[in-house]
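If you count by numbering that gives the first Met the number 0, then the sequence shown holds residues 0 to 335, one letter each, in order.
Everything labelled a hint here was simulated from the structure, so no lab data went into it.
Be careful, since some hints might not be right.
To be verified - With a straight-line cut-off of 25 Å between C-alpha atoms, the simulated BS3-like cross-links for lysine-lysine are:
no.	residue 1	residue 2
1	K84	K96
2	K224	K67
3	K129	K96
4	K79	K120
5	K5	K84
6	K312	K129
7	K96	K63
8	K71	K5
9	K63	K129
10	K122	K67
11	K224	K96
As the list claims (entries may be wrong) - Pairwise CB distance ranges (calculated):
no.	residue 1	residue 2	range
12	T184	E78	21 to 29 Å
13	K63	Y94	19 to 27 Å
14	R135	A221	23 to 31 Å
15	Q233	S95	30 to 38 Å
16	E248	R135	18 to 26 Å
17	T229	T184	38 to 46 Å
18	K122	S95	13 to 21 Å
19	T22	G97	27 to 35 Å
20	M170	G97	43 to 51 Å
21	V17	P108	25 to 33 Å
22	G20	G77	16 to 24 Å
23	E78	K120	21 to 29 Å
A virtual CB, placed ideally from N, CA and C, is assigned to each residue, including glycine.
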Amino acid sequence: MLDLNKRVYNHTPGPCRVVTGITDGAAGLELVSEVGIVFISTGLANAYVNETIRGGLAMFQLEKEMAKHETKPVKIEGEKFDQNKFAPLGISSYYSKGRILLYVVNSHPERQCVEIFTYHKDKNVLFHRKSVCDARFTSIYDVVVVGADRFFISNLAYMSRGKLQTVELVMQSSFGALYFFDGRTVSLHESRLSTPSALAIDRQRRLIFVGSLLNENVRVYALEKDYSLTFRTQISLLSSPAGIHIEEETGDIWIALHPVLHQAYLVTLYPSDENVRSSSQVLREDGVSWVITEPYANDGATISASNAVVYDKDHLLIGSMFGRLLHCDVLNPSIT
């Protein structure tokens, strides 16, 4: 479970560089392909009682030829929104008729909610629309949108972050859950799941992907017309999935993982200590043949604790829990 016997060997799919403007993590990434924008959640350390780190959101514009590799902070406006209690993690989006809705998991211990925003591209501003909160949200991790104001939420464990949750995880109990918001109420969709983490959906909105940190796999469900889920298959990874991205054109599954789990745990104990590092890994599963390859791996020196990934037209973005955002050129996509 702790991966004490694992060792990571560094390699990249091509030239990589650190994206400027991100210093407090890029724990969540969401590509809105219609406008070529990647939204980034920053400041996750705020959820780990590091109040000096301010949670926020940033954006990165993808272009065919990248002249600059830098992000821009996105301003958040809302009378009832308290950014001091904002620790963003997973992100999902909904695009319709030029309108972008952003759904962000707020993992702050005092405010476990999904925050819903409307993005105004011209002003680069997010307007806070509403919050979806529930007493059963104890350790929410990711969100995936299946329609306007309809989404699934993964709840990693029964206990909230702290010693009791650590005991729960060490015991490898299956008290995680998958919840669904139908626009009005939150309902329990799947219970007794082992550490459900990353969520994703394919472009046709037919398949839902659910990662498991401790079981080191991804469960695949068929999304029915009534928003119920039917289990289809399970993908074994031998590594702990933290973020999932489905490539729109091919259906390939890109996964950011924690290959050495005990290192990732130590990083969460000391999120601001740069000397505490965790290995990073990105896997790609072919959408047709289901062959798994490893485009990227690092021992933590370049990027620590990879938690999110986005791939689009030979551009690979890898986000760290508490540190950097990395951009890599994929030179040979067909064999990566």
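Checked hints:
Of the pairs offered as hints, the one joining K84 and K96 is violated, with about 32 Å between alpha carbons and a cut-off of 25 Å exceeded. With a C-alpha separation of about 43 Å, the suggested pair K224 and K67 falls outside the 25 Å cut-off, and the hint is violated. A hinted pair counts as satisfied when its Cα atoms are at most 25 Å apart, and K129 with K96 qualifies at roughly 21 Å. Distance restraint check for K79 and K120: the Cα-Cα separation of roughly 22 Å lies within the 25 Å cut-off, and the hinted pair is therefore satisfied.
Straight-line distance between C-alpha atoms of K5 and K84 comes to about 36 Å, which puts the hinted pair past the 25 Å bound. Of the pairs offered as hints, the one joining K312 and K129 is violated, with about 34 Å between alpha carbons and a cut-off of 25 Å exceeded. Among the hinted pairs, K96 with K63 is consistent with the structure: their alpha-carbon atoms are about 24 Å apart, no more than 25 Å. A C-alpha spacing of about 37 Å is found between K71 and K5, which places the hinted pair above 25 Å, so the restraint is violated.
Between the alpha carbons of K63 and K129 the distance comes to roughly 35 Å, so the proposed pair goes past 25 Å and is violated. A hinted pair counts as satisfied when its Cα atoms are at most 25 Å apart, and K122 with K67 qualifies at roughly 20 Å. For a cut-off of 25 Å, the pair hint linking K224 to K96 stands: about 22 Å separates their Cα positions. For T184 paired with E78, a C-beta distance near 25 Å keeps the hint of 21 to 29 Å intact.
Roughly 20 Å separates the CB atoms of K63 and Y94, a value that falls within the hinted 19 to 27 Å. Range check, R135 to A221: Cβ separation about 25 Å, and the 23 to 31 Å hint holds. Between Q233 and S95 the beta carbon distance is about 32 Å. The supplied range of 30 to 38 Å therefore holds. Range check, E248 to R135: about 37 Å between beta-carbon atoms, so the 18 to 26 Å window is missed.
For the pair T229 and T184, the beta carbons lie near 22 Å from each other, so the given range of 38 to 46 Å is not met. Under the hint 13 to 21 Å, the C-beta atoms of K122 and S95, about 19 Å apart, fit the expected range. A hinted range of 27 to 35 Å holds for the C-beta pair T22 and G97, which are about 32 Å apart. Taking 43 to 51 Å as the suggested C-beta distance range, the pair M170 and G97 conforms, at roughly 49 Å.
Roughly 30 Å separates the CB atoms of V17 and P108, a value that falls within the hinted 25 to 33 Å. Taken as a hint, the range 16 to 24 Å holds for the pair G20 and G77, whose Cβ atoms sit roughly 23 Å apart. Look at E78 against K120: about 22 Å separates their beta carbons, and that is inside 21 to 29 Å.
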